[in-house]
Amino acid sequence: MFTAAGIDACLRTLLRDSLPTLLATPGDAHFLANRLTGELTKATKTAVTDIDPRSALIDLYVEDLTGSSIQGAKDLTRCRNALGLKKDPALDDAILTGHQPFFNARHEVVHELDLVDPSGKGTRGRRHRDLAAVGAQCDGALQLMHAFIAPTARTVKAARRTTGGSTP
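Per my numbering, the very first residue in the sequence shown carries number 1; after that it's consecutive.
Be a bit skeptical, because a hint or two may be false.
The calculated EDC-like cross-link candidates involving lysine to aspartate or glutamate, where the alpha carbons are at most 16 Å apart (straight line), are [claimed, not checked]: (1) K74 - D8; (2) K74 - D59; (3) K87 - D64; (4) K157 - D17; (5) K42 - E63; (6) K42 - D59; (7) K45 - D64; (8) K42 - D64; (9) K86 - D75; (10) K74 - D64; (11) K74 - D92; (12) K45 - D59.
Estimated spans, in silico, between C-beta atoms of each pair [claimed, not checked]: (13) A5 - S55: 21 to 27 Å; (14) A136 - A158: 29 to 35 Å; (15) A136 - S68: 22 to 28 Å; (16) A158 - P53: 23 to 29 Å; (17) I51 - G140: 40 to 46 Å; (18) A153 - L131: 28 to 34 Å; (19) Q100 - D52: 14 to 20 Å; (20) A94 - A24: 28 to 34 Å; (21) R160 - A9: 19 to 25 Å; (22) A132 - P53: 20 to 26 Å; (23) G98 - R154: 22 to 28 Å; (24) P89 - A9: 22 to 28 Å; (25) D93 - A5: 20 to 26 Å.
Bear in mind the hints are in silico, worked out from the structure with no lab data behind them.
Each residue gets a CB set at the ideal place from its N, CA and C atoms; glycine is no exception.
Please construct the entire structure, taking both the sequences and the accompanying hints into account.
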């Protein structure tokens with residue numbers, strides 16, 4: 001669960017920190033054409049009329065992408081596409097789908113915790129999870145975050161150079 005929480009925080013921060021730069025330059029990360037088609041939601045209308053509509057729309061977009069937490073391969077795919085990384089071989093559909101068992105295990109643990117009555121004595125009926133398998137899933141999930149961060153950092157750095165912004 002802690003690794004999954006780290007993924008949530010990492011992707012949410014990566015999106016919030018990189019999208020303002022990525023959306024300022026031509027590239028694969030653009031979303032406004034899709035976000036502003038059809039009937040506008042109240043949240044979108046509020047963002048458009050905000051004193052800083054660009055930032056408000058990006059914040060809304062990040063919330064749309066991540067929700068309360070990343071739930072699985074589908075959410076990973078949406079984040080990948082939003083960052084303009086759809087063509088990155090380290091983040092292809094098969095690789096992202098390969099991480100679904102990690103999220104399934106997290107959902108099982110959370111569901112099991114939801115079913116425990118905190119006022120009762122409890123039960124020893126816990127599901128056994130192989131420590132090595134859990135470790136491998138967590139390691140893979142953390143390596144996946146590197147696959148998101150490294151190309152995004154390169155793209156942001158290049159975009160900042162293009163626009164004359166500073167790069168660390």
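| Looking at the structure, which of the earlier hints fail to hold? | 2, 3, 19 and 22
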